[in-house]
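> Chains A and B are the protein sequences, given in the same order. With our numbering as the guide, the letters of the first sequence map in order to residues 1 to 125. With our numbering as the guide, the letters of the second sequence map in order to residues 1 to 272.
Do not take every clue at face value.
[Unchecked claim] Stretches of chain B that chain A covers, calculated by requiring three or more beta carbons in the stretch to come under 8 Å of a beta carbon on chain A: (1) 92–101; (2) 121–135; (3) 165–175.
It should be emphasised that the hints constitute simulated quantities derived from the structure, not laboratory data. Here the structure is a predicted model, which means the values were calculated and not measured. Every residue, glycine too, gets a C-beta built ideally from N, C-alpha and C.
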Amino acid sequence: MENANFLVVEDSPTMRQLISFSLKRFKNAKIIEAVDGVDALKKLSGPDKIDLILTDINMPVMDGLKLVSLVRQNAQLKNIPIIIITTEGAEEDRERGLALGANAYISKPIQSSHLIKTISELLAV
Amino acid sequence: MTEESKAEKFLELFNKGKEFTEELLRENQRLRYRLASAETEQKAGGSSEEVQKLRDQITHLTEENKRIHERFSAIEEENKDFANRYIEIEEQNNNLANLYVASYQLHSTLDFREVIQIVQEIVINLIGAEAFAILLLDEKTNELKTIASEGEDVMPNIDQISIRLGDGVMGQVARTGESYYINQDIDADSGSITIDKPLAAVPLKIKEHVIGLIAIYKLLQQKDSFSAVDYELFSLLAAHAATAIFSSKLYSQSERKLNTIQSFLDLLTTTS
């Protein structure tokens, strides 16, 4: 996958940088960062067409689950693949995230290779 | 000689000729038979040579097949080794990326609270801790005290730890500078993990000078135990965290001193 635009939604600068660092494995990837759900919605309505969203759950202002729900309700955005990356590792959290419309659910601490594989699979469809 | 005796003689001669001819025909028959037998034998003799040749070829090919099979097995083993090595390198790559990002973040600021916030983020997101405390050593009182923590619900009073240098597990970690880990299968809820006896305690040290420690009481639900690389990563992160905490502390102290001096100078200038 080349020239993909990724939106990384994460309140922790360390995690944002770590995810962005992993995404650099995709050739010519453009990484747009957002600090919470509201910021993410702003970036989604911006000029860049987003190919994939990676979002945390626990964030101030608007959490990741609300963001997933709003994206899936939006006619223009509903087909964008979403990956939830979170510390919440319980099965019910995973089921909830996927039921709201996330395409994949990854628990922290993340393995870069696992993240890359998941993204490649989602963007290959 | 009478006509009768001549005829008898001729008949006798004729009979001998007949017998001789018959004898020649039989001999001819015998020779034909021998020739045919010889030809068969010769043919038979030729086939066994070919069979031998083929047998040699089969032996040669069997040996070659065996060699190829052995080489295939060896390559398969090498392949497995490469696959395992690839996984190891992927893990190392992941850890190096974690370490790079963590150290970059830790040294990106000189603000003490920001550094502590980054250390907390690292311990949660990279180490995978749910309940932990960051303790700093007060060199005047020789006491380790919590300056930041997570997981009050898992470990009550985690935010108020106070331990004398050398006392208990954590006091010893701070005194010796040696990390402490216990069996990861022990759960924080089982009672084996107490405020004084964490799952892991890693010193924050600059060279041999311990300035504090990070104590982990519970890992995230999805993380069963520390992996082999976690120990190394944790120690390296702790070393970076220590220098970042120490420099930010020094910076804030110097900032305060500078402000005091500046205020004093301002006062002098004003009064003069």
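> Need the list of violated hint numbers for this structure, in ascending order.
Hint check: 3 fails alone, others pass.
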